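Novice: Here's the letter readout for the chains.
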Amino acid sequence: MTLSPHDEPAAPMAMATATRQRWMAALARAPRARLEAAWAALADPPAVTLLRPPEIGSAMVRGRTGGTGPRFNLGEVTLTRCSVSLPAVGGAPLIGHGYVAGRDRRHAELAACFDALLQDPARHATLDATLVTPLTEAQAAARRQAQAAASASRVDFFTLVRGE
Amino acid sequence: MYVAVKGGEAAIDAAHRQMAAARRGDPAVPPLTVAQIRAQMGFAVARVMAEGALYDPDLAALALKQAWGDVAEAIFLLRAYRTTLPRLAASEPVDTAHMVVRRRVSAAFKDLPGGQVLGPTFDYTHRLLDFALAAEGQASEAAPAAPDDGRAPDAPMPRVADILGGEGLIEPETAPADEATAPVPDLTRDPLTYPADRATRLQALARGDEGFLLSLAYSTQRGHGGTHPFAGEIRVGEVAVEIVPEDLGFPVVIGDITVCECQMINQFTGSRTAPPQFTRGYGLTLGYNERKAMAMALVDRALRHRELDEAATAPAQDEEFVLSHADVVEASGFVQHLKLPHYVDFQAELDLVRRLRRAAAEGVSHDAPEGAPEDAPHNTSAETTP
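These protein sequence lines map, in sequence, to chains U and Y.
The working numbering numbers the first residue of the first sequence as 21 and each following residue consecutively.
The working numbering numbers the first residue of the second sequence as 53 and each following residue consecutively.
Since the hints were derived computationally from the structure, they do not count as laboratory data.
Being a predicted model, the structure only gives us computed values, none of them experimental.
Careful, some of the hints might be misleading.
Which chain U residues stay away from chain Y? Per the calculated CB distances, all over 10 Å, these [stated by the list, open to error]:
(1) L70
(2) P107
(3) H117
(4) A121
(5) H144
Pulled a few chain Y residues facing chain U out of the computed Cβ check, cut under 7 Å [said to hold, decoys possible]:
(6) V86
(7) A142
(8) L216
(9) V305
(10) F386
(11) H389
(12) L390
(13) K391
Just so you know, even glycine gets a beta-carbon here, dropped at the ideal spot from N, CA and C.
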């Protein structure tokens with residue numbers, strides 16, 4: 021499947037994938053302290069089973085020649101991953117994955133835990149409203165702020181006509 | 053030849069303790085924290101990440117601290133650490149059109165869609181030492197912000213090359229249709245072989261030594277393989293990194309990294325197969341490394357002489373010369389290994405020189421014996437070509 025995050029989701033299945041992509045991105049970009057606080061605030065925190073304990077490795081970052089051409093390997097980025105299982109809801113256990121740039125094991129573990137919890141229909145709406153949406157908005161605001169700061173140095177160059 | 057020696061453990065240990073003491077310096081001066089280096093030595097951190105070929109600002113800052121500010125040594129430390137990491141994934145290609153742009157300039161177009169944004173730069177400064185920075189404890193001035201320009205945060209900023217491409221005036225760069233199944237060559241897995249394809253060259257240049265590439269790029273400007281470049285566009289900012297985990301099967305964002313991209317636009321008069329149009333050289337670096345990205349784009353273009361039917365006359369166009377010598381860890385290692393004990397080697401050469409002198413004194417005519425060092429400088433093609 022080659023769904024780009026910039027594509028509009030079409031089918032209901034694609035919609036579900038896009039929803040999960042949205043929360044996984046928000047969790048990966050979140051400050052760890054924010055996730056820690058959200059976990060501590062859970063009224064009934066579930067028992068977490070580590071399927072794959074947090075593991076530090078790397079991802080090879082790729083670019084495209086000229087921005088749009090064939091792929092090439094640019095260099096790596098540190099990456100920590102973790103997979104957890106939470107007690108069954110409606111028969112099947114909730115499996116969550118965390119993939120977070122950097123070397124913060126706890127961040128990857130918390131991202132995996134919330135990825136699992138967000139798949140629980142009973143918890144999804146609350147978690148989305150209290151965690152995912154505020155994180156997404158804060159991250160968008162930070163991007164807007166960065167662009168606004170950059171815009172202060174937007175220039176207009178004038179070319180002078182010579183010989184007239 | 054380097055022959056292993058034994059002994060000297062106590063001396064080596066003492067030398068390393070002296071290095072640690074020298075690195076710390078005057079104990080009355082507070083030590084630098086890694087966070088301070090990361091924030092306040094940003095360009096050094098970016099260079100270590102780019103040439104270390106590993107994006108991790110904390111580790112790059114730590115490497116700089118450990119290396120006492122020696123950038124090449126810090127790059128070596130980061131490379132060595134990288135080899136300990138399992139490769140968990142390869143990313144989807146980063147989309148620089150969707151970059152959160154902090155800087156974007158074009159020397160070719162004055163009025164380009166999206167505008168020119170200078171961002172944080174040393175350009176247009178007077179290069180006068182700022183003694184105010186030597187005064188400690190002063191409050192820093194906050195950067196001014198312009199009002200929100202209303203652009204959606206994820207709105208793409210068109211690349212200059214794509215704008216020219218609309219008119220067919222510049223060679224297109226399109227991804228092959230079958231790329232999902234095609235492997236991407238990787239220097240960290242497979243040794244460099246020649247001729248190298250462009251993907252391999254770009255990887256080698258992206259992790260290559262900035263100083264070496266800068267000098268080569270400069271040489272192309274001075275006429276050694278000139279390509280008449282314009283800085284079509286330079287942009288710096290953050291791009292999302294996405295991977296497709298095996299256990300999910302769809303792309304997920306793992307975070308954002310800073311990259312610097314340079315598109316050089318070069319004159320091209322056409323060939324048997326291509327019409328006159330602009331051609332492109334491409335530079336992309338992990339971190340904000342603008343000088344490096346520009347040099348990379350110039351050298352990338354110079355190395356494309358084969359596909360563009362150009363005469364290869366200059367060092368910057370010699371793929372084997374450029375790629376074999378661009379890596380700072382390899383170059384630094386091979387040059388610096390000369391200071392390690394070569395006692396047996398030197399004894400052999402000493403013996404040879406004594407025998408030659410004896411033979412010369414006795415008036416015996418001779419040819420150079422086998423094994424004589426061949427240190428005569430090789431004529432370069434540039435020297436022999438009229």
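Novice: Checking each numbered hint in turn, tell me which of them this model violates, lowest number first.
Specialist: 3, 4, 6, 8, 10, 11, 12 and 13
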